[in-house]
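Chains as they are written, first to last, in our numbering: chain A, 30 to 163; chain B, 3 to 177.
It is worth saying that the hints were derived from the structure and are not from the lab. Treat the hints with care, since some could be wrong.
Stated by the list, open to error - Calculated lysine to aspartate or glutamate pairs in the EDC-like style (CA-CA distance at most 16 Å, straight line):
#1 B:K125 - A:D96
#2 B:K125 - A:D93
#3 B:K146 - B:E60
#4 B:K146 - B:E176
#5 A:K72 - A:D121
#6 B:K145 - B:D174
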Amino acid sequence: MARTGLPFCATLRSGVLSLDQATDIYPFAHPEQAKQFHNIVGKLRCTVCQNQTLAESNAPLAIDLRDRLYQQVVAGRSDAQIIEFARTRYGDLVSYDPLFDGSTLLLWLGPLLLTVVALMWFLKTVRLTHRPDR
Amino acid sequence: MARFIPLSIFVLLVGLLWKTLHADPMEVPSARIGLQSPAFQLSTVEDPNRLVTESFLEGNVTVLHVWSSWCTTCRETHQLWMEFSKQPSLRLVGLNYFDTLGDAQEWLSSQGNPFELTLFDSKGDLGLDFGIQGTPETFIIDKKGIVRYRHKGPMDRSEWQEQVYPFVQHLDQES
Chain A
30 MARTGLPFCA
40 TLRSGVLSLD
50 QATDIYPFAH
60 PEQAKQFHNI
70 VGKLRCTVCQ
80 NQTLAESNAP
90 LAIDLRDRLY
100 QQVVAGRSDA
110 QIIEFARTRY
120 GDLVSYDPLF
130 DGSTLLLWLG
140 PLLLTVVALM
150 WFLKTVRLTH
160 RPDR
Chain B
3 MARFIPLSIF
13 VLLVGLLWKT
23 LHADPMEVPS
33 ARIGLQSPAF
43 QLSTVEDPNR
53 LVTESFLEGN
63 VTVLHVWSSW
73 CTTCRETHQL
83 WMEFSKQPSL
93 RLVGLNYFDT
103 LGDAQEWLSS
113 QGNPFELTLF
123 DSKGDLGLDF
133 GIQGTPETFI
143 IDKKGIVRYR
153 HKGPMDRSEW
163 QEQVYPFVQH
173 LDQES
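Next up, chain B with everything else stripped away, as it sits in the complex (with noise of 0.2 Å):
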């Protein structure tokens, strides 16, 4: 019995490498994952004078997307976003990062705007705070302001069918 010990061994520690070497490293999980979304106070593209905080997330499932006029996958990806933001009951909220505000505001009149408001994060604080790694990256946030999802870079049709917005109705049915 005991001679298989080393085979067993090995065989473990080559399942374990072959597994990681699989594992793509830019998945990197997002440390905002259960905690309260951050603190911020931001104007929005749409209106500068208006003044919108943390608790703005709270009391509906929000769906955040960062996006930026000068992310190409951002532009083509946004029709998508146009589409998605018609499905019944989506409170869909765009964080601008790192922009200028006569660029975001020229994005939105001229693809159309799928947000409830865009906050406009020009120095890209929020967007740290939110630890996101570049644009597109999209956030779902529940009922008590807690960040639930993370998703990276572009989403795509099949993605938010199959898993995005069923989770999205999911968290709609907690109280």
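Looking at chain A on its own, in the form it has when it is part of the complex (with noise of 0.2 Å):
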């Protein structure tokens, strides 16, 4: 069978990584960096193994990115301009948190959209049925 260069996702030995593992690879010089570094790899989709966050899987471009993203929070760089990184790269489905904007509007509101007019239902219905004069 033909392989595609990278894209495999490792299924037979794919464990979390913890935070003591990350610890080990990835040294810190300060533990807030450790935690905000633990943080955002467990908030980043690997767009390879798409049900796997970047802290979970060893995809090699999990990998690649999860060792980008090491070096820049060791660089000092805040957690809205890492992500910011990781988006513009790989766009908004690497992060596990959609967006709130015109394409993910159905999907924020759909949910409290369906719920009022399933409320107004109900009500009409039990107004319409339970007549006090009936």
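Need the complex rebuilt from these two chains, each delivered in its own frame; the hints are there to steer you.
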């Protein structure tokens, strides 16, 4: 079978990167940086193994991206800057938190809208069938 | 009339879910489309002493093909690129990704070199800036250096002839 470069997802050995392990592979001078790094890789998606975060995935792309994010954390960049770095390269999908913009309006407001419609429909039905003078 | 509202919402939802059920989740839209191609300074596989920057990509429509010598799919489709490179007024540039110079040079000398030049991105920096997910991938960059198209995975002849090359010709017409 033809193997395309890079995007294979390690399913056999895909341990979640614990904070201890992470500190071993990625040494930090300050504990806050370790925490920041762990937080960021935990909420960004590996776009190759889409059900895994960058912390969990061992796909080569995820490892590479993790290393780059580590360098940025060490360089003292903020969460927002680092997430923007990933987003400009891999798009909105990279974030497990969907953006709130025009394309995700239905996603964010849809459930609320459905609830309101259902409630209105429910109240109307109740009012129609339970009239006191009936 | 009102009683059709729940039904229509249900139908709408089913339609939406049905559509997403058949969508390919790996079809990730490139975040680079419509943006200037990233800045870089890389040597080339053909001449390690030559430094090329992003300005090289401007002025002509460029087809940028990302490949690696360790990528078997790239090997299988290489002859197609040799064939494509013969088409008139086509500027084909390679981007060698996460590779060693020796392996990359060996590849081009043994299988033929369809590229005007091949950027040597051994650490994958430019690949990352392009947001590539794996090799092979192909980008089309217009005369102003703006990324206009991305194709993931191996290119086949019909895709090239029916979509990609016509798009390159279309961009050639732009001023």
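CA of K146 of chain B to CA of E60 of chain B, is that 16 Å or under?
-> holds (5 Å)
Holds or violated: are the alpha carbons of K72 of chain A and D121 of chain A at most 16 Å from each other?
-> holds (12 Å)
Taking 16 Å as the top limit, are the C-alpha atoms of K146 of chain B and E176 of chain B close enough?
-> holds (10 Å)
Hint consistency between K125 of chain B and D93 of chain A [alpha-carbon to alpha-carbon, up to 16 Å] | Given that 16 Å is the threshold and the Cα spacing comes to 9 Å, the pair holds.
16 Å Cα cutoff - pair K145 of chain B, D174 of chain B | At roughly 8 Å apart (the allowed maximum being 16 Å), D174 of chain B and K145 of chain B satisfy the hint.
If you draw a straight line from the CA of K125 of chain B to the CA of D96 of chain A, is it 16 Å or shorter?
-> With Cα atoms ~12 Å apart, K125 of chain B and D96 of chain A stay inside 16 Å; holds.
The structure fails none of the hints (numbered hints given earlier).
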